[in-house]
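Engineer: Its first residue numbered 1, the sequence shown is counted upward by one per residue in the working numbering.
It should be emphasised that the hints constitute simulated quantities derived from the structure, not laboratory data.
Check the hints yourself; a few may be wrong.
Said to hold, decoys possible - Here are the simulated DSBU-like cross-link-like pairs (lysine-lysine), alpha carbons at most 30 Å apart as the crow flies:
1. LYS133 / LYS113
2. LYS139 / LYS89
3. LYS65 / LYS22
4. LYS22 / LYS89
5. LYS65 / LYS89
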Amino acid sequence: MIDLSRYLPVVESAKTVRFHGKVTQVVGLVIEGYCPETSVGSLCEVHSEGSPPIPAEVVGFRENKTLLMPLGELRGVGLGSLISVRREKASLGVGPGMLGRVIDGLGAPIDDKGPIAVADEYPIYAMPINPMKRRPIRKPLNLGIRAINGLL
């Protein structure tokens, strides 16, 4: 018999319901719409006709409306465009698979080497480490450019 107990925490923490909303207004670079179950920092996608979804970050709320800052071009977005919640919080994949890769601002590869195998996900907006509790630097970082090394 197969022991499925090790998969139980993953299944219990899985989010199987996707929340959607609609664009009610676009002013400048800010998209205003109704999008339930979001919080500041959540990542959403705004779907427009004939274009790939535009990633957007929740930056605030005004009178029961969600304010989104698009992370792409707004062409094609209009009243009634679909908004879908992609992730609760912005995070970035980390691990040895990231070494030597070129990524965009959302962590997607742009170097034509295929998908990146990540070991873990870390939130972009995390509490910083207390600098007084960090280990002192023992070995300087050599960048290969003496003028910059002199600044470090």
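Engineer: If a hint holds in the structure, say so; if it does not, say that too.
Structural biologist: Each hint, compared with the structure:
1. LYS133 / LYS113: Distance ~38 Å between LYS133 and LYS113 Cα, so the pair is violated.
2. LYS139 / LYS89: Violated, at roughly 35 Å.
3. LYS65 / LYS22: holds, 10 Å
4. LYS22 / LYS89: At roughly 20 Å apart (the allowed maximum being 30 Å), LYS89 and LYS22 satisfy the hint.
5. LYS65 / LYS89: holds, 19 Å
Figure legend: structure checked against the earlier numbered hints; hints not met, in rising order: 1 and 2.
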